[in-house]
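Student: Chain by chain, the residues run as shown.
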Amino acid sequence: MAFQMYMVAFKGDFSDVVSRSVQQRVRQSNGVTLMVMKTGIIAAFDDALVPAIQSHPDVKLVGGVTLNPQGFAAERLQRIFAENLSKQIEVGHESGPAK
Amino acid sequence: MPNVGAELASVPFGKMIYDMASAIARSQIALDKASIQLVKVLASTTFDYVPDVTEVLLPNPKTIPSVLDSQGNPLVVTGVTVQSVVGDSFPLTLLQAGVNPTFYSFTNSTIEVKMSITSTQESSNTLSVGVSVTASADFLFASGSVSSHVNFTTSNKYSYSVTGSSSMSTTLAPVPPPQHMMPRFILVNAIDPTKVTVSQS
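Protein chains in written order, with this note's numbering: chain X, 1 to 99; chain L, 1 to 201.
In short, the hints are calculated from the structure, not lab data.
Ideal placement from N, C-alpha and C gives every residue a C-beta, glycine not left out.
Be aware that one or more of the hints could be misleading.
[As the list claims (entries may be wrong)] Cβ pair distances, simulated, as ranges:
#: 1; chain 1: X; residue 1: F3; chain 2: L; residue 2: I186; range: 19 to 25 angstroms
#: 2; chain 1: X; residue 1: G12; chain 2: L; residue 2: K114; range: 49 to 55 angstroms
#: 3; chain 1: L; residue 1: A6; chain 2: X; residue 2: A52; range: 36 to 42 angstroms
[Unchecked claim] Pulled a few chain X residues facing chain L out of the computed Cβ check, cut under 8 angstroms:
#: 4; residue: M37
#: 5; residue: L61
#: 6; residue: G63
#: 7; residue: L67
#: 8; residue: G71
#: 9; residue: F72
#: 10; residue: A73
Put together the whole structure using the sequences plus the hints.
Tutor: Right under this line is the structure:
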């Protein structure tokens, strides 16, 4: 049971409906979408839920990926991932600043 | 008597190792195929990369006519204007950007065979001997008899059992992608084109 980053590739051409549907499946699996592209999305979810994502009718493949810090745009990608992640994290009422 | 060596020799180690190696090889091929499919997707997914956005702060003084300074002139306050210059974008694939596929490899495989050989032998012998003597005598005759019996029983119990179990385990670990599969970057210095840097992520 480990949270990992995956590339979820779509079948066929890109459409908003397909992208939204796959993102919803990721969300239902307690995952988060880090980046959306025309060919698929980069998402993070528990590795035990790979079959659940893979079973979506519009998903072609699900493969584990890592962010190479030496990549040409690794820093920019990291910032995009962090920004998108922050929009999806739910903060409880009882949580607050550390005392 | 049980022959432990013969029992161990009867274990099909060769077949077990072959079956396991064959299964690992098939699994490895399937995993590599999936990773190569992923590489294709990552290499074909492009996005427009804007290398840099430059923001220049320019002076932008403003005059407030209703407020006069000590000289009696309208007060001038400092201000700035932010001028953004967005560099030309160019297409970049996810693979070039730094999203690497995960490759998996079987690193360690173990075959464990446990065998228990139990042999028991039990023998018991019973011997009972009895002698009875009777004698009688009267005026003219005397008689006597002697009888004896021997009972001997023997029993042997022999049991032999062999139990065995085997387990196979293997470790699957993520490994870095093959070096030849990763993109190379050739950077040419625009000011001094003779300076060329080649790097690989």
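Student: Checking each numbered hint in turn, tell me which of them this model violates, lowest number first.
Tutor: 1, 3
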